[in-house]
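Student: Please take these sequences and the hints and turn them into a complete structure.
As a plain string of letters, each chain reads:
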Amino acid sequence: MQQLPGLVLAELILMPSQQTVLTIATWLMIISWMLVVGIGVFTVGARVYAHKQQRKKIAIEAVVTDWLMEYVMMAEDATETELSALLEETSTKIKNHYMGSSFARRVVKAVMLDMNRHVRGSVADALHRLYTSLLFDVLALQTLNYGEWHEQAEAVNELTLMQVPYSLPYIEQHRNHRNKLVRLQTQIAEMKLNENHPLGFLSEVKTPIHAWHQANLYAELSKLPKEKIPSFRPWLQSRNYTVVIFAIKMVRLFNQLDLQPYVLMKSLHPHLEVRREVWQFVSYFHIAVGAELIEHLLPDAEPEMQLVMIECLGNLQTMESEQLLEQVIETDLYGLRIEAALALQRSGYDVLGRWPELAPPPPPLVTPQPAH
Amino acid sequence: MSKKILIVEDEPLVLKALEFRLKKDGYDLYVARDGREGLQLLQQDRYDLVLTDLMMPFNNGMEIVNMAKNGLAYKTPVIVLSSMGLEATVLEAFRLGADDFITKPFSPMELAVRIARLIK
Amino acid sequence: MHYFVWLFDHAIFAFSLTVMASYAFLAIYAAMEMVYYKRKTKYIDYGILVASPLAPGVSLIAPAYNEGLNIVDNIKSLLSLFYNNYEVIIVNDGSKDDTLAKMIAAYDLVLSQEVVNLKLQTKPLRGIYRSRNAAFRRLVVVDKVNGGKADALNIGVNVSSKNLVACIDVDCILEQYAICKMVKPFMESTKPVIAVGGVIRVANSCEIENGRLISTQVPSQFFPRIQVLEYFRAFLMGRMAWARMDGLLLISGALGLFDKQIMIAAGGYNHKTVGEDMEVVVRMRGYMLERKLPYTVKYIPDPLCWTEAPVDAKILGRQRNRWTRGTIETLLLHRKMFFNPKYGIIGMVSYPYWFFFEWMAPIVEVLGMFAFLIFGVLGYANWPFALVMIGLIYAYAVMLSFCSILYEEVSFRQYPAWSDLFRLMATAFFEPILYHPRQLIWSIRGNIDWSRGKNTWGEMVRTGLSAQPKPTAAGPIPNANPSPATAATQS
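Protein chains in written order, with the working numbering: chain V, 1 to 372; chain P, 1 to 120; chain Y, 1 to 491.
Treat the hints loosely; a few may be bogus.
[Claimed, not checked] Cβ-to-Cβ under 10 Å is the rule here; a few derived chain V residues that face chain P: (1) Asp66; (2) Met69; (3) Glu76; (4) His118; (5) Val119; (6) Arg120; (7) Ala124.
[To be verified] Okay, the calculated beta carbon distance ranges per label pair: (8) Ala24/Y <-> Asp332/V: 28 to 34 Å; (9) Gly38/V <-> Thr41/Y: 27 to 33 Å; (10) Arg33/P <-> Phe339/Y: 16 to 22 Å; (11) Pro225/V <-> Ser220/Y: 54 to 60 Å.
To be clear, the hints were calculated from the coordinates, so they are not data collected in a lab. All of these numbers come straight from a predicted model, not from anything done at the bench. We treat Cβ as the ideally placed atom computed from N, Cα and C, and that holds for glycine.
Tutor: Following this line, the structure appears as structure tokens:
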């Protein structure tokens, strides 16, 4: 038989014989059963393994936690020389017992990071010193260079939490990393490790800083002492519109009211999200000129923006804003009557008292009787 | 006689840190691992000080503060130790009568000093 | 005649292979997505969102119909989630019991006269209640004339004052960080997110206290235990894979978070179908695609929402009957998407998948069995082939269940006891024999009911029946349950 393999295949697919079908089906069945057994065994094995690891972890944790606690509590009121001796002693103890396997190292590190989450002050400093003396920082920097994205992000996170300032130049290289988690961690690291310009990275960043980033950055910023928060003025002019949004938010949350004119100028920014943020700002501080500005800008704004402005007017609670809203309700300007009424209502105005026709239609007089 | 402190805290590591630190100062420690247990212990015995977390299973730490300050025949000094540092939360705790509010992450030394000041 | 039998056998074989191949693909794809998700969220601190002034506002909308028994506790647990910027809107859908009175008494509610933006058409509003007690400032109760679940959700959307709306069941138990986890995709996606779906787990036999889950256990009854497996397959394999392809068509009615503006623009929930949870997602996607707007739908595999699953066959049957009708109605309402390249993945993959494997598969299966019986009576049956096919399909079904058990084991491991693991594995063997035939019957009945025109809430209301099946005292509302996207269909 001199048939081409392609033809054989085509025949097999288009009109397989009864026998072929039977054979394929039988084989598939056998494979499925083998998979059932395989997956079953693997599942049980995975659980056995996880339990074993868990037990090991608990055992290590118990010992290491005690050692660490003893160390940091002693270190709290120790002199520099005493501290060095203590550090030496503890790190030797851990190195001898637990730095051999990568699993044990991970557990030790996890305990340290967890402790670090709860404490600050001299206790935290003692912890950071131990971290470096166990050479975890070197390991983290290696991971940062050679790891996958999730390992890189984790390494940066670790170096940040453990306050390793010399790692900053290595971390900074990943400022515009293609993965957003790595970017986020890098930015947080720059903020926490860069003593002089905690927000310097904002001038460099090319990628968008989305809302989740912003919330994270703010959470870290709010932990810094007030005097370390710089003026956000330079970033209000950023070419990256997400940086502008972030800057406006921060101006609001850190009460940098002297920047108000610069923020208001952004009400003409080409990007809608930026303008939305401006009106949030105006609402938040009840900026009186806001009403006047809105009166000018309302006619030319997109429908979406008009809605935002109406909402903003409701928050302003000035004479002008109230009058403007009343006008919108009376004339149903841009079809925003209901929205204006809602905005006015939120400021405590008795809207239904003045325009009773705005009340939701009453239910029919005959309501369905309960079924028996 | 050593002073008795009730600690209501669900985070094992924080608990451990508190134990290490406060035992060093010679206090007698009583531990509840959730809000419900905390309320029970508080009703059973009299303590010189209560140290409580806010976000815990079963009962909110605010209820512990309320019980220690307004629910019993005597008043016990209360320190709140929480990661919820929001202004509204702090205000609420103080309104219920809390004597001090410490936000996490905390400095154990600072905590010890604040405790010593309240217990005397 | 032999030729017919031959053709029949081959058709059956080809169809089975296609179904199996697609499930295998979904399983592998889901595994990839799970690994990615786990890596992404390894050390995420959701705590930063809880008190953040930058957290977006969320309205939880929960329709309540004759829930008097548990409503007060349910609301209490909804009010104690870890999140700051949210409100809870309970829509009393014309309950015939004391639901409203109980809420008013327990939460010190008073009628509030206010303007409401009636963007979505609904049955008339009877009143909006808010609490006088500042501790319950997040609670809004809406009283309305009965109109079914979709109608109740629509009025909730109208009343909502936040930009994200979460549609949930009032009796489900939400994990404390549920809102944080659901909100995160909205905050971090580069494309605008229009909806985020969550996972439903079976709460039967679990220990629950004050609306909070204490410990988890595999249900002791047979039907709920089967549903645990079904939900594993649907949520950990099916939806996970669809989410990765951005082809998710169904977000369970028990937990979904939506962009309010888009939902309103797309027209809100459709009260003419019993599958309103699926229909709304399909329509919102259609709305975005027709306008060529960039968008995406996300999915969170964490176990966020626990709900009581139907225990007895009758209620479960009614639920499946309704899911079948809901699927058919949704597919027919949006039939223009069928193999329409304009709708991308949705038109070319998701829709056809649902059409062939969710709607058609049970029908093909039953028809195939009938045909085989006839052949058998006439003496034409190919017995070895039939036996091997049955063996293959059985083995494959068990394999898929095992696969989903493995996914659960390595991802979330919600059932720590060994006995639970083995019971689930045993259930996987019994399911195709003891449960699947019933499932087929329910699905066929759904098809029959649909073809008889029992397809709209509207008609049912007009004939004086209550719009929603009456819930039993302690049990769930059957229609409030989610529909897993993929139940191991055997053909």
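Student: What are the numbers of the hints that this structure violates, sorted from low to high?
Tutor: Per hint list: 8, 10 violated.
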